[in-house]
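Student: If you read the sequences in order, they're chains F and U. Here the first sequence is numbered in our numbering, starting from 49 and rising by one per residue. Here the second sequence is numbered in our numbering, starting from 4 and rising by one per residue.
If you are wondering where the hints come from, they were derived from the structure by calculation, not from laboratory data. Even for Gly, the Cβ is constructed at its ideal location relative to N, Cα and C. Hints are all accurate, no fakes.
In silico contact screen, one side only, chain U against chain F (beta carbon under 7 Å); selected entries: (1) 72; (2) 105; (3) 110; (4) 115; (5) 165; (6) 168; (7) 169; (8) 174; (9) 175; (10) 176; (11) 177.
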Amino acid sequence: MVEGVVELIKGNFSDVEIVIPEHQEKRVHISVEKEKVKEIAKFLKDNGFRHLSFITCVDWIDEGKFELVYGLYSYEEKIVVLIKTKIDRDNPKQETLLPLWDQAQTYEREIHEMFGVYFDGNPGLTPFILEDWEGIPPMRKDFDSRKYSQITYDSEAK
Amino acid sequence: MLESFRGGKVARWFKGRSMWLLHFCTGCGAIELPPSMTSRYDLERFGIIPMASPRQADVLLITGYLSVKTLKRVITTYEQMLDPKYVIGFGSCTINGGMYWDSYATINKLDYYLPVDVYISGCMPAPDAIFAAFLELREKIEKGEANGYKLYKIHYERYKANQDKVFKNRGIIEGED
Ligand code: SF4
Numbered sequence: 049m050v051e052g053v054v055e056l057i058k059g060n061f062s063d064v065e066i067v068i069p070e071h072q073e074k075r076v077h078i079s080v081e082k083e084k085v086k087e088i089a090k091f092l093k094d095n096g097f098r099h100l101s102f103i104t105c106v107d108w109i110d111e112g113k114f115e116l117v118y119g120l121y122s123y124e125e126k127i128v129v130l131i132k133t134k135i136d137r138d139n140p141k142q143e144t145l146l147p148l149w150d151q152a153q154t155y156e157r158e159i160h161e162m163f164g165v166y167f168d169g170n171p172g173l174t175p176f177i178l179e180d181w182e183g184i185p186p187m188r189k190d191f192d193s194r195k196y197s198q199i200t201y202d203s204e205a206k
Numbered sequence: 004m005l006e007s008f009r010g011g012k013v014a015r016w017f018k019g020r021s022m023w024l025l026h027f028c029t030g031c032g033a034i035e036l037p038p039s040m041t042s043r044y045d046l047e048r049f050g051i052i053p054m055a056s057p058r059q060a061d062v063l064l065i066t067g068y069l070s071v072k073t074l075k076r077v078i079t080t081y082e083q084m085l086d087p088k089y090v091i092g093f094g095s096c097t098i099n100g101g102m103y104w105d106s107y108a109t110i111n112k113l114d115y116y117l118p119v120d121v122y123i124s125g126c127m128p129a130p131d132a133i134f135a136a137f138l139e140l141r142e143k144i145e146k147g148e149a150n151g152y153k154l155y156k157i158h159y160e161r162y163k164a165n166q167d168k169v170f171k172n173r174g175i176i177e178g179e180d
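If we strip away everything but chain F, and leave its shape as in the complex, we get:
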């Protein structure tokens, strides 16, 4: 049950913000400091949330922050827990989750390529999906995708 999960987290961690989104009663969103992510993830992993379903990143450019979102799933409870944390946009660094889940590699590598976030302790942040890309990471909000598309794809070479 969701309440059980909320109790569990509240009982073990003090300064976390927990939200159960409306109309999605099988979900729990928790916001934490970036230093706490690994600790909470480890705790949840030991308590049934064995599956890391994804890691993703949101660019809050006006705030000057990147938000990392970790999705964990429990097969027994059938509940998704999202761990959210905001990191500095100018110095985007976060500790890797590789020691906990091997599949974190794919997500961290992708986020590194698409947003330019560094994951401390991850040795494999090499080029991934983009080919011959020389600009800034394209999923950052300050990369003007529309302008790039217009200049590059809407006209012929001179």
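Following the hints, put chain U with the ligand in place on chain F, whose structure we already have.
Tutor: What follows is chain U with the ligand alone, placed relative to chain F:
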């Protein structure tokens, strides 16, 4: 004698009735091909069958959006095919970028980079539209108007320049450093 047969009306009639496909299934539109090929609509009635190798295919079917990365492979594939060869651009994405028109990753107009003989509009085109396109291509072949592969050779410099434009300096917006 043989030469005139090859380029002649009879040969074109045959060509139009044995179009072998290389379907380069890039985008979502490819999902309409199985119904077109299987028993309900049965493309084979028109002599159209899928081929495994570019060397044996006559028609390159590009079924949707093309990222620049894929475009590279498509061009290689196209250049491996033997003459006469035709290109069908499938869906709005190949015509003007479709719903990916402002994406940094996908091209907008396929005919900057490859000569397209027939376009099919729609997102995604239904089997009827696919048939209409093949019949149009057949007509063009019979009339000797489907000359994209010749234009590709004549205007190769222009196509090459367009291709290089998207392959080089990726991610750099002109005028900014
Ligand atoms: S035209 Fe529509 S169906 Fe076809 S590839 Fe583009 S988005 Fe997909």
